[in-house]
Structure formats: C-alpha cells, structure tokens
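Protein sequences, first through last, are from chains A and B.
Adding 466 to a residue's 1-based position in the first sequence gives its number in the numbering used here.
One point on numbering: in the numbering used here, the residue at position 106 of the second sequence is 93, and numbering is uninterrupted.
Read the hints as simulated data drawn from the structure, not as lab findings.
Treat the hints loosely; a few may be bogus.
As the list claims (entries may be wrong) - Here are the simulated lysine to any residue pairs, SDA-like style, with alpha carbons at most 20 Å apart:
1) B:K(-9) with A:G581
2) B:K76 with B:S115
3) B:K92 with B:S115
4) B:K(-8) with A:S549
5) B:K(-8) with A:E496
6) B:K(-8) with A:A480
7) B:K(-9) with A:E740
8) B:K76 with A:T478
9) B:K(-9) with A:R736
10) B:K76 with B:R57
11) B:K107 with A:T552
12) B:K(-9) with A:P547
13) B:K(-9) with A:L469
14) B:K10 with A:L561
15) B:K(-9) with A:T552
16) B:K(-9) with A:L561
17) B:K(-9) with A:S582
18) B:K(-8) with A:A588
19) B:K107 with A:F551
20) B:K(-8) with A:A781
21) B:K(-9) with A:F551
22) B:K(-8) with A:P550
23) B:K(-8) with A:P547
24) B:K76 with B:D87
25) B:K(-8) with A:E494
26) B:K10 with A:G558
27) B:K(-8) with A:R483
28) B:K(-9) with A:E492
29) B:K10 with B:G27
30) B:K(-8) with A:R580
31) B:K10 with A:I499
None of the values given here were measured: they were computed from a predicted structure.
Each chain, letter by letter, is given below.
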Amino acid sequence: MDLIAGVLAGETRAVARAISLIEDREPEAEALIDALYPHTGRALVLGVTGSPGSGKSSLVDRLIERERRAGRTAAVVAVDPSSPFTGGAILGDRLRMQSHAADPGVFIRSMASRGSLGGVAAATADAVKVLDAAGYPTIFLETIGVGQTEIKVVELSDIVLLVLMPGAGDEIQALKAGVMEIGDIFVINKRDLGGADKLREEVEYVLSFKNPQGDGPANPIVMASALRDEGIEELASAAADYRARLAENGGLVHRRRLRTERELEGALTRRLHELLDVHLDFSRQIHGWVDRLLRKSARPYALIDEQIRNFLKEARP
Amino acid sequence: MPTKKTRILIAKPGLDGHDRGAKFIARALRDEGYEVIYSGIRQTPEAIARTAIQEDVDFIGLSLLSGAHRELFPRVAELLRQGGAEEIKIIAGGIIPEEDIPFLKDHGILAVFGPGTSIKEIVDFLASQGHPPYQGKD
Chain A
467 MDLIAGVLAG
477 ETRAVARAIS
487 LIEDREPEAE
497 ALIDALYPHT
507 GRALVLGVTG
517 SPGSGKSSLV
527 DRLIERERRA
537 GRTAAVVAVD
547 PSSPFTGGAI
557 LGDRLRMQSH
567 AADPGVFIRS
577 MASRGSLGGV
587 AAATADAVKV
597 LDAAGYPTIF
607 LETIGVGQTE
617 IKVVELSDIV
627 LLVLMPGAGD
637 EIQALKAGVM
647 EIGDIFVINK
657 RDLGGADKLR
667 EEVEYVLSFK
677 NPQGDGPANP
687 IVMASALRDE
697 GIEELASAAA
707 DYRARLAENG
717 GLVHRRRLRT
727 ERELEGALTR
737 RLHELLDVHL
747 DFSRQIHGWV
757 DRLLRKSARP
767 YALIDEQIRN
777 FLKEARP
Chain B
-12 MPTKKTRILI
-2 AKPGLDGHDR
8 GAKFIARALR
18 DEGYEVIYSG
28 IRQTPEAIAR
38 TAIQEDVDFI
48 GLSLLSGAHR
58 ELFPRVAELL
68 RQGGAEEIKI
78 IAGGIIPEED
88 IPFLKDHGIL
98 AVFGPGTSIK
108 EIVDFLASQG
118 HPPYQGKD
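Go ahead and model the full structure; you've got the sequences and the hints to work with.
Right under this line is the structure:
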C-alpha cells in the first residue's frame, strides 16, 4: 500500500488521508495502523488542555514558532466538539495558528470529537500514531476546552500542559478535584492581565496538596503571554526539563505503558461491541430484550447469560 | 462500521475583512451536520490549499468581496492540482459578477453562489455531489 510508504516518507497528502481513514473508521485503517506501529514511539506528545478561551491554540502557535526557529518540524491535532444534535462541528482552532498554514514543516489537523467524551476524539490516539510515524518530533494535542471530566488527554500524552488564565474567579477551586490533577506543567497565560499573581498563588496552594506519590517530578508553574510572546522560552525549557526528569525516573516508560494498556483495552472493547452486532444483531435485538424486561417476562442477568451463551455458540468457528 | 463525514474548509482569501457571510455559512453548515474548518480572513491561496490538503476536506468554500476572485480562486485550484489533491472541490461565494462565473468555472471552480443564496440551495448542491447532510447521531 503506497499510503504507508507516503506516511513514512512524511508526505502531507498521505498523512492527511491516513488520518481521514481512521476518523471515518474505514476497514483499511486498522491494517494501516499495524503497518505504521513499529515506527511509532519517537515523538514527544505534548497534551495542551485548559478551559475555553484560556489561550491553548495561541500558546501552541507560539511553541510551534519556536520549534521552527530551531529547525524542527511540528504537528498539531486540535479537537473541537461535535454538536450532539446534528453531528456537525465548527473547527476553529486553526484560526490562531494560520501563520504556519503555508509552512510545509507544520502539519495541523482539526478533529471533531464525534460523540467521544473526555475532550479528545476516538480517532485521536491513532492520528497521533500516524504523525509519529511520519517523523514529527513534537506533536501537540490540543483538547476541547475542559470542564472537569475532559481528562482523557492524560492517557494520550507524555506531558500535559494545563493552561489557566486570570479572571476566572474561583474556578481554580472547582478545577482542583479533576483537571488540576492531570496537569504536569501549569501555564498561567495572559499574565499581563490583573490577577495573574494571585492565580499563581492559588495554583501553588492547590498543588501543595497534590499526592507526592505520583510518577511526575514537581510541577512547574510558568507565567506566559501568548499574545505578547512572553514566557514561551521558559515554557519550552520547562517542558524539556520535565521530559528529561520523567525519562530519568522511569515515568515516561510508565506513562507509555499505561497508554498502550488503555488503548488496547479500548480497541478490544470496541471490537467486541462490533462482534455483538455481527453475532447477536445486538443493535436491533436489544429493543426486544428491553420489551421483555419491561414486561417482566425476563430477568436482566438471566437474559444476559442466555445471550452470552448464544453469542459464544454463534461466534465459534 | 465506516462513518464518513463530509468536511468543508471555509476560507477567505484576499484582503477584505468582511467575514460575516463566511461565518454565517460555517454555522449553517455545522447545523446541517457538516464538519466545517474555519481558517479566518486574509488567507493566501498557498495557505488555503495547504490547509485543505492537511485537513483532507471534501470541499473548499471560498468567500471574497474584494474583487480579486479572478486571480485568487484559480490560483487555489492550481495549487491543489500541484499538491495532488485535485479531487477537493471548490465552491465560491461573495460578490462575484455574473459575467465572471464562466471564467471561474473554466478554472476549477465548481459552483458560484451569489448573495441571497439559501442554505438549502447549498446543501442541495452538496448532496448532488454525493455529500448529503449527515444523518444519524454520533
């Protein structure tokens, strides 16, 4: 398949097509990923998350600029939400990165969440593999603006940048239970706005309660302004230091192992779900089962046992 | 199971900054179930073509009010060809004089929608090209 050769050669068109196959769940996507898999694991995956409007895209834009100045290529996967009503989406993260649009050394892909929860799309993990195999040394993974539960990015990234901005009031208190725990590096963006120092103190306070048993080193806090191009060097070197320390203490290996485990579990579960349709016609039959349960002519676990027996009988070659 | 969705890039080449029409179209198409990539104003043809290829869109919708469409639109089509992506279809909107439409169609622009075009006309056109609104849920 010349698509594989194209991806490995880093050809833009091939990389873009490969990601579409994955997004659209075309049958050939799985063989493609298998073929690329031995070539993955070289890229640094930097997750970038934070509340809507905190400046994630603008920060990524600045970080790309820095990579390019150093002569390195870079890739971005930016996820925006799909409408749960129409399935449509407006993908606008590129707007803040269009200064790189004509640069062949930068690959930016917008991705709709297509019903996935957790702030990334089902296809995101495999899209990152394509970009990794294509040879991009750094892949930025920008999530949907997070609330409290959109934390899947941590499963896909080597390092997570959590972007905060002043003026969000007591938001930090609300965030501390969920999102605060997934950040490796805390970026206080828009540092020129009032309240940035107070936010820093609040972050320090919240971090002081963080479980010291985690695999990560101490969490750096970086004050930045993407708009004014300030603090970007500090942020980039904080990320590099953090990565080095993670590699030293085994954290990186541990995270990648965990990531592989989760991905495997997810993919296997998806496959089993598809097999349910193949062997039990699940999507249609479920309505009849629900009828039986509601009429109380069946009991839930007895019904499940019965169907699993049917499934195993059907699935036997 | 495959779940093919139609992706459309809405882009504004040239120097005019009037993006209300483009944003309106972007939202309307989103509401019809299309995935719309919006790349903003003042995009060069090079940036538009490269964006379309990276995003692997099915269509590019170009919007222009400044009058430079005779140069900029065919240039996008030419760059797509050079990038091996001639199957990406280009449609256009904005203020395009009637007499320019045959010229644009000869230069890789599939359809031109003038001011006052309804969303239904655009959706019907996309459907006629094999890209009906997405049916079903995620």
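Against the structure, the hints come out as follows:
no., hint, verdict
1, B:K(-9) with A:G581, "14 Å, holds"
2, B:K76 with B:S115, "13 Å, holds"
3, B:K92 with B:S115, "17 Å, holds"
4, B:K(-8) with A:S549, "13 Å, holds"
5, B:K(-8) with A:E496, "18 Å, holds"
6, B:K(-8) with A:A480, "18 Å, holds"
7, B:K(-9) with A:E740, "17 Å, holds"
8, B:K76 with A:T478, "18 Å, holds"
9, B:K(-9) with A:R736, "18 Å, holds"
10, B:K76 with B:R57, "17 Å, holds"
11, B:K107 with A:T552, "16 Å, holds"
12, B:K(-9) with A:P547, "17 Å, holds"
13, B:K(-9) with A:L469, "19 Å, holds"
14, B:K10 with A:L561, "12 Å, holds"
15, B:K(-9) with A:T552, "14 Å, holds"
16, B:K(-9) with A:L561, "25 Å, violated"
17, B:K(-9) with A:S582, "16 Å, holds"
18, B:K(-8) with A:A588, "14 Å, holds"
19, B:K107 with A:F551, "18 Å, holds"
20, B:K(-8) with A:A781, "31 Å, violated"
21, B:K(-9) with A:F551, "17 Å, holds"
22, B:K(-8) with A:P550, "14 Å, holds"
23, B:K(-8) with A:P547, "14 Å, holds"
24, B:K76 with B:D87, "18 Å, holds"
25, B:K(-8) with A:E494, "17 Å, holds"
26, B:K10 with A:G558, "11 Å, holds"
27, B:K(-8) with A:R483, "13 Å, holds"
28, B:K(-9) with A:E492, "8 Å, holds"
29, B:K10 with B:G27, "9 Å, holds"
30, B:K(-8) with A:R580, "10 Å, holds"
31, B:K10 with A:I499, "36 Å, violated"
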